[in-house]
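If you're matching them up, the sequences are chains Z and C in order. Residue 1 is where the first sequence starts when you use the numbering used here, and the numbers rise one by one after that. Residue 1 is where the second sequence starts when you use the numbering used here, and the numbers rise one by one after that.
These are computed hints drawn from the structure, not numbers from a lab. In this text the structure is predicted, and so the values were computed from the model without any measurement. Incorrect hints may have been included.
It does not matter which identical chain is meant; a pair holds if it fits inside one copy or across any two.
[To be verified] In silico DSSO-like links for lysine-lysine, alpha-carbon gap of 30 Å or less: (1) 53 x 128; (2) 134 x 147; (3) 103 x 135; (4) 53 x 155; (5) 73 x 52; (6) 147 x 112; (7) 52 x 112; (8) 52 x 103; (9) 103 x 142; (10) 103 x 53; (11) 53 x 112; (12) 128 x 147; (13) 112 x 128; (14) 147 x 73; (15) 134 x 155; (16) 103 x 155; (17) 155 x 142; (18) 73 x 142.
Protein chains: 2
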Amino acid sequence: TRSLLSVFEEDSGNLTEYTNQLLQTLQRVFGAQSEMGLATEQLSRQLLDYEKKNFALGKGDEEVITTLQSFAKTVGELNSLHSGLANQMADSMVFPLIQFREKDLTEISTLKEIFGIATDEHEAAMVKYSRLPKKKENEKLKADMMKEVAYTRRKQHQASLQYYCALNALQYRKRVAMLEPMLGYTQAQ
Amino acid sequence: TRSLLSVFEEDSGNLTEYTNQLLQTLQRVFGAQSEMGLATEQLSRQLLDYEKKNFALGKGDEEVITTLQSFAKTVGELNSLHSGLANQMADSMVFPLIQFREKDLTEISTLKEIFGIATDEHEAAMVKYSRLPKKKENEKLKADMMKEVAYTRRKQHQASLQYYCALNALQYRKRVAMLEPMLGYTQAQ
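If we strip away everything but chain Z, and leave its shape as in the complex, we get (with noise of 0.2 Å):
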C-alpha cells in the first residue's frame, strides 16, 4: 500500500498545484471582467459630464449632447451587463475552485499532518518496547509498552484511514472541481 499511496499522494500534489495555477486564471479572467465593468461606467459617467463643461459656443453643442446622452445610456447597460457577468464569474466560477481548495485540499494535508504524527508516535513506541532490557521483573513495564504500542498502531491506523479515504474521495471530486467553474464561466457569458 506505501507505494499505491505515494502515487494517490504525487497526484493529489498536482492537483493542487494544477487548481492554484487555474484559479489564479480564473482570477484574471474576472479581474478582466470587474475591470470592463468599472471602465464602463467611467466612460458613461464621463459622457454625461460633457454638458456640464458648459461650451460658451455651443453651436450644434445641443446634438452633441444628445447623442453622448443616448450613447451614456448604451454605455451604462453595457456597465450593468459587464458588472453583471463578473458578479456571476465571482459566484459561479471562482468560488468553487476557491471552497475546492479550501475544503478539499486543505483537509487532505491537514490528514497527512495528522497520519504523519500517528505514524511517528507509534514508531516511537515501538523503539522504546524493542529496548527494553530482557529481565523478567520488568513484565509490568513490558505489558504497559505494549498497551501503548497497541494504542498508537490504533491511532495510526485510524488516520491512515481517514487520510486514504479522503485521496480517495478526492479523486471523484476532482471531476466536480475542474468542471464547475467552467461551466459557471459559459453560464456568464
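Using the hints, position chain C against chain Z.
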C-alpha cells in the same frame, strides 16, 4: 474681438481638458477589453494543460480531459472575439481621438504660440517707434521704423487670422471628434 477671442480660447482649453480625460477613459476601456482577451487566452491554454499533468489515477479522467478540451475550444473562440474587439476599439475608438488631440488641438496651441510671438514683435516695434526723438534729422530712421511697424502688424494679422480660423474650425471638428469614438465603440460591441 479680444473678448470673443478669449471665449474661443477658454472653449478650446475646456475641450482639450475634456478630450484628455475622455481619452484616458477610452484607453481604460480598451485596456480592459485587451486584458479580457489575454486572460481568456491564458485560461484556454490552462484547460489544455490538464491533460499534460498526466494524473496517474486517471479514473474518469478521459471525460474530464475531453470536456475541458471542448471548454478550451469555446474559451479560445471567446478569446479571438475579445482580441478582435480590442483591436477594433484601438482602431476606431481610441485612435480617432488621439489623432484629434495630436492634430487639431496641438495645431491650436502651436498657432496660439505663433500669434503670441507676432503680437510681441509688433508691440516691440511700436514702442521703439514711439520712443524715437522728434527731431527732423531722424526722418530716415523714422521711415524705417514705420516700415517695421507695418511689417510686424501684417505678420501679426496673418498669425491672428490663422489662429482664429483654427479656433473656429475646431468648433466644427469638435462634434465629429466627440462622436466618432463612440460610434467606433458601439460598432465594437
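Each hint tested on the structure:
no. : hint      : result
1   : 53 x 128  : neither (87 Å within a copy, 43 Å between copies)
2   : 134 x 147 : within (17 Å within a copy, 130 Å between copies)
3   : 103 x 135 : neither (52 Å within a copy, 103 Å between copies)
4   : 53 x 155  : neither (76 Å within a copy, 34 Å between copies)
5   : 73 x 52   : within (16 Å within a copy, 47 Å between copies)
6   : 147 x 112 : within (25 Å within a copy, 99 Å between copies)
7   : 52 x 112  : between (64 Å within a copy, 26 Å between copies)
8   : 52 x 103  : between (52 Å within a copy, 25 Å between copies)
9   : 103 x 142 : neither (43 Å within a copy, 97 Å between copies)
10  : 103 x 53  : between (54 Å within a copy, 22 Å between copies)
11  : 53 x 112  : between (65 Å within a copy, 22 Å between copies)
12  : 128 x 147 : within (12 Å within a copy, 118 Å between copies)
13  : 112 x 128 : within (24 Å within a copy, 96 Å between copies)
14  : 147 x 73  : neither (78 Å within a copy, 61 Å between copies)
15  : 134 x 155 : within (27 Å within a copy, 120 Å between copies)
16  : 103 x 155 : within (23 Å within a copy, 80 Å between copies)
17  : 155 x 142 : within (20 Å within a copy, 116 Å between copies)
18  : 73 x 142  : neither (86 Å within a copy, 67 Å between copies)
Consistency with the previously given hints fails for numbers 1, 3, 4, 9, 14, 18, ordered from lowest to highest.
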